[in-house]
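**Student:** Generate the whole structure from the sequences, applying the supplied hints.
Respectively, the protein sequence lines represent chains E and C. Note that this note's numbering numbers the first sequence so that position 93 is 93, with each residue one more than the last. Just add 115 to the spot in the second sequence (first one is 1) and you have this note's numbering.
Hints in this document: simulated from the structure, not taken from any laboratory. Predicted model only: the values in this text are computed from it and were never measured. Even for Gly, the Cβ is constructed at its ideal location relative to N, Cα and C. Some hints could be false.
[Claimed, not checked] A partial selection of chain C residues facing chain E, derived with a Cβ cut-off under 8 Å:
hint : residue
1    : Q163
2    : S201
3    : L205
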Amino acid sequence: AQSVTQPDIHITVSEGASLELRCNYSYGATPYLFWYVQSPGQGLQLLLKYFSGDTLVQGIKGFEAEFKRSQSSFNLRKPSVHWSDAAEYFCAVGPSLSGNTPLVFGKGTRLSVIA
Amino acid sequence: DAGVTQSPTHLIKTRGQQVTLRCSPKSGHDTVSWYQQALGQGPQFIFQYYEEEERQRGNFPDRFSGHQFPNYSSELNVNALLLGDSALYLCASSLLQLLHDTQYFGPGTRLTVL
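**Tutor:** Here it is as structure tokens:
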């Protein structure tokens, strides 16, 4: 069965510093991968997604993620973090050609941003 | 263009009661999926509805049931509530026939069972 691991429960970075959130997946075929962000008390907002092609994917709010098949990873990065990026970040895998199949989520990484 | 909407925002129930949560999909979408997000966890898939039928189901008991209406809106019903049903319930909508479509999430309904 497919699974997603986000090794870091909580990360704190200084405003302006770079960020990398880790995501490892377990799935037998080509995965369809997503990063979502959740602000306190809010639903999930899609940051970016990977289906095929270029392994470096650009998303909203200056985020990018790189798919590395050899490492089964899909890490999220941002070169310079803003205080408004403080939120919970979820990596998810979709196990089928269609994005409509159920998503399997990691447990999330909470990002805190300090001045 | 309205996104996914859910009602109510918050709900408090007692053990043994029944609850109904509602979801209106994003305009143009025909598929609705429901997820349960317990505190400190990622969302877990409950079920998905398309053409008023349950299309897929996750590992949830029969106490969890749903419905989809002709206008694509959906309801999630939970019977015989348990304390462990306390969670944020998220609705996501998408367009089934669109390859690589994305699921768009609503703000969720926070259910507290006392």
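**Student:** Look at each hint and say if it fits the structure.
**Tutor:** These are the hints, each one checked on the structure:
no.: 1; hint: Q163; in the structure: holds (7 Å)
no.: 2; hint: S201; in the structure: violated (15 Å)
no.: 3; hint: L205; in the structure: holds (6 Å)
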